[in-house]
Amino acid sequence: MFDWIKSAIDRDPALRGGIRPLEILLYPGMWALVFHRVAHPLFELGLPFIPRLLSQVARLLTGIEIHPGAKIGKRFFIDHGYGVVIGETAEVGDDVMIYHDVTLGAIGWWKENLKKQRHPTVGNRVVIGAGAKILGPVKIGNDAKIGVLAVVVNDVPAKTVVAGSLGKILKNKRR
Amino acid sequence: MFDWIKSAIDRDPALRGGIRPLEILLYPGMWALVFHRVAHPLFELGLPFIPRLLSQVARLLTGIEIHPGAKIGKRFFIDHGYGVVIGETAEVGDDVMIYHDVTLGAIGWWKENLKKQRHPTVGNRVVIGAGAKILGPVKIGNDAKIGVLAVVVNDVPAKTVVAGSLGKILKNKRR
Amino acid sequence: MFDWIKSAIDRDPALRGGIRPLEILLYPGMWALVFHRVAHPLFELGLPFIPRLLSQVARLLTGIEIHPGAKIGKRFFIDHGYGVVIGETAEVGDDVMIYHDVTLGAIGWWKENLKKQRHPTVGNRVVIGAGAKILGPVKIGNDAKIGVLAVVVNDVPAKTVVAGSLGKILKNKRR
Chain A
2 MFDWIKSAID RDPALRGGIR PLEILLYPGM WALVFHRVAH PLFELGLPFI
52 PRLLSQVARL LTGIEIHPGA KIGKRFFIDH GYGVVIGETA EVGDDVMIYH
102 DVTLGAIGWW KENLKKQRHP TVGNRVVIGA GAKILGPVKI GNDAKIGVLA
152 VVVNDVPAKT VVAGSLGKIL KNKRR
Chain B
2 MFDWIKSAID RDPALRGGIR PLEILLYPGM WALVFHRVAH PLFELGLPFI
52 PRLLSQVARL LTGIEIHPGA KIGKRFFIDH GYGVVIGETA EVGDDVMIYH
102 DVTLGAIGWW KENLKKQRHP TVGNRVVIGA GAKILGPVKI GNDAKIGVLA
152 VVVNDVPAKT VVAGSLGKIL KNKRR
Chain C
2 MFDWIKSAID RDPALRGGIR PLEILLYPGM WALVFHRVAH PLFELGLPFI
52 PRLLSQVARL LTGIEIHPGA KIGKRFFIDH GYGVVIGETA EVGDDVMIYH
102 DVTLGAIGWW KENLKKQRHP TVGNRVVIGA GAKILGPVKI GNDAKIGVLA
152 VVVNDVPAKT VVAGSLGKIL KNKRR
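Those protein sequences? They're chains A, B and C, same order as listed.
Start counting the first sequence at 2; every next residue gets the next number (this note's numbering).
Start counting the second sequence at 2; every next residue gets the next number (this note's numbering).
Start counting the third sequence at 2; every next residue gets the next number (this note's numbering).
It is possible that some hints are incorrect.
Unchecked claim - Label pairs and their in silico Cβ distance ranges: (1) L61/A to P42/C: 44 to 54 Å; (2) G74/C to I6/B: 44 to 54 Å; (3) D11/C to F50/B: 55 to 65 Å; (4) V39/B to L54/C: 30 to 40 Å; (5) E45/C to I25/A: 17 to 27 Å.
Unchecked claim - So the derived list for chain B, only partly shown, Cβ under 7 Å to chain A, looks like this: (6) E89; (7) D102; (8) T122; (9) N125; (10) V149; (11) L150; (12) G165; (13) I170; (14) L171.
Calculated directly from the structure, the hints in this document are not laboratory data.
By construction, the Cβ of each residue, glycine as well, lies at the ideal position given by its N, Cα and C atoms.
Could you put the whole structure together from the sequences, leaning on the hints where they help?
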């Protein structure tokens with residue numbers, strides 16, 4: 002956990018200097034992860050109901066919904082966090098950073114095969130921008146960066162940058 | 002309500018098997034709907050303040066904001082739910098499923114005519130992906146599917162699929 | 002504050018008529034702003050921890066995260082509000098209106114220079130649609146309108162309209 006705190010301070014400029022590292026206690030991403038670290042082993046043991054209850058309590062407190070079945074690597078850092086959804090069969094590597102409103106989701110219940118993985122596998126050191134939606138059993142390679150609001154439904158090679166489209170300026174000035 | 006629970010189990014793979022259907026009690030979408038089923042008739046009766054209060058309590062508990070004026074059909078299923086906003090004059094058909102962060106909203110206060118409908122009308126069996134924004138008094142036909150992060154400001158015919166643009170891979174590997 | 006309430010009633014059609022203005026008390030955007038008006042001066046005085054604590058309490062209650070360092074102008078109106086994130090060095094002018102899930106954020110910790118401004122400067126009377134993400138130390142000119150789900154990483158001139166791309170209808174009717 003100390004390891005995790007150190008990585009957060011490295012990554013968030015708002016945390017640096019003086020007593021500011023203490024503010025890490027206020028980070029919703031930290032609390033969501035603490036709940037998940039308890040809920041996931043209970044889920045793996047096959048305990049019913051309780052893991053999901055822990056997950057939903059964490060969601061209520063933080064706005065971050067991590068299914069207890071998801072496998073999450075070391076030093077996972079969620080910044081801001083509201084609206085984050087991580088599905089049951091998602092796998093996240095080490096040193097991954099995601100922003101608020103990121104979804105690691107499934108393609109949709111009408112296409113799913115329960116026996117297979119339904120959610121993404123995310124490599125190490127991946128960064129995923131705010132609002133990006135990664136859907137289905139795709140693989141995101143190590144060191145990839147997924148841009149803000151990007152939609153990803155195919156595999157992304159290692160060290161690649163994926164970007165959503167930018168807003169366009171309309172010439173006519175109206176109001 | 003039993004009907005609703007059955008439809009949820011049909012649609013969410015994470016709910017299937019053994020004691021897992023009980024987890025439906027943890028679904029924020031269910032609680033938001035329960036609050037709305039109480040708030041909407043009170044709103045229709047013209048009761049002031051209380052319906053909106055109920056709606057805001059539901060929002061605090063679930064992250065889902067349904068205006069008490071909205072008309073919602075049977076077996077409406079909201080998955081995950083954070084950030085969902087459904088406006089006052091929206092109408093939603095039966096067996097509709099929406100994901101988190103969907104907005105059924107208005108075009109903007111500076112264009113609005115208070116006498117007319119300001120929000121979308123959504124047909125039966127429509128599915129709306131995470132983050133999609135449907136704005137203005139448009140009609141979404143029966144069985145349409147609206148993709149993740151799609152922006153919709155025009156009518157959508159029945160049985161049509163609407164998709165937002167995918168993120169693009171940038172060739173240059175940087176960092 | 003009375004000023005603020007009047008501006009809200011002007012802008013939100015759901016508030017007009019009879020006792021409905023009282024419903025303003027239920028607006029999360031109002032409470033987030035009240036917390037910020039307390040937290041920001043304490044932050045400016047250099048008080049540690051408490052301003053961030055206030056900001057996180059406001060986030061828990063409203064789903065709106067305004068860093069206590071952000072400079073916010075008069076009559077700032079946040080509608081719905083879930084998922085709004087406003088960064089430490091953001092500056093917002095007067096009479097600005099934003100919808101839920103708007104981010105005024107930074108480009109990413111790996112590019113940042115702590116001495117410079119990292120977040121947007123937003124002019125007066127700007128309107129920012131739901132889900133739009135404005136990133137980096139860009140300037141948004143007076144009276145600009147940023148459309149729903151638009152991604153903005155460059156300056157936007159005054160009175161300009163910026164729009165994200167619309168969802169496209171796929172011809173093949175599937176299911």
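Against the structure, the hints:
Checked against the hint of 44 to 54 Å, the C-beta distance between L61/A and P42/C comes to roughly 30 Å, which is inconsistent with it. For the pair G74/C and I6/B, the supplied restraint of 44 to 54 Å holds, since their beta-carbon distance comes to about 48 Å. Evaluation of the 55 to 65 Å hint for D11/C and F50/B yields a failure: the beta carbon distance comes to about 20 Å. Distance hint for V39/B and L54/C: a CB-CB separation of about 34 Å, consistent with the stated range 30 to 40 Å.
At about 22 Å, the beta-carbon gap between E45/C and I25/A stays in the expected band of 17 to 27 Å. With its C-beta approaching chain A no nearer than about 23 Å, E89/B sits outside the 7 Å limit, and its interface hint is violated. Taking 7 Å as the C-beta contact cut-off toward chain A, the hint placing D102/B at the interface holds, the least distance being around 6 Å. The criterion of a C-beta within 7 Å of any C-beta in chain A is not met by T122/B, whose closest approach is roughly 23 Å, and the hint is violated.
A cut of 7 Å between beta carbons decides the hint on N125/B: the least distance to chain A is about 15 Å, and the hint is violated. At about 5 Å, the closest approach between the beta carbon of V149/B and any beta carbon in chain A falls short of 7 Å, and the interface hint on this residue holds. With a cut of 7 Å, the hint placing L150/B at the interface with chain A holds, because the nearest CB-to-CB distance is about 5 Å. Contact between G165/B and chain A, as hinted, is supported at the beta carbon level, the nearest pair being about 6 Å apart and thus within 7 Å.
The interface hint given for I170/B holds, since its Cβ lies 5 Å from the closest Cβ of chain A, which is under the 7 Å cut-off. Among the interface hints, the one on L171/B holds; its C-beta lies about 5 Å from the nearest C-beta in chain A, closer than the 7 Å criterion.
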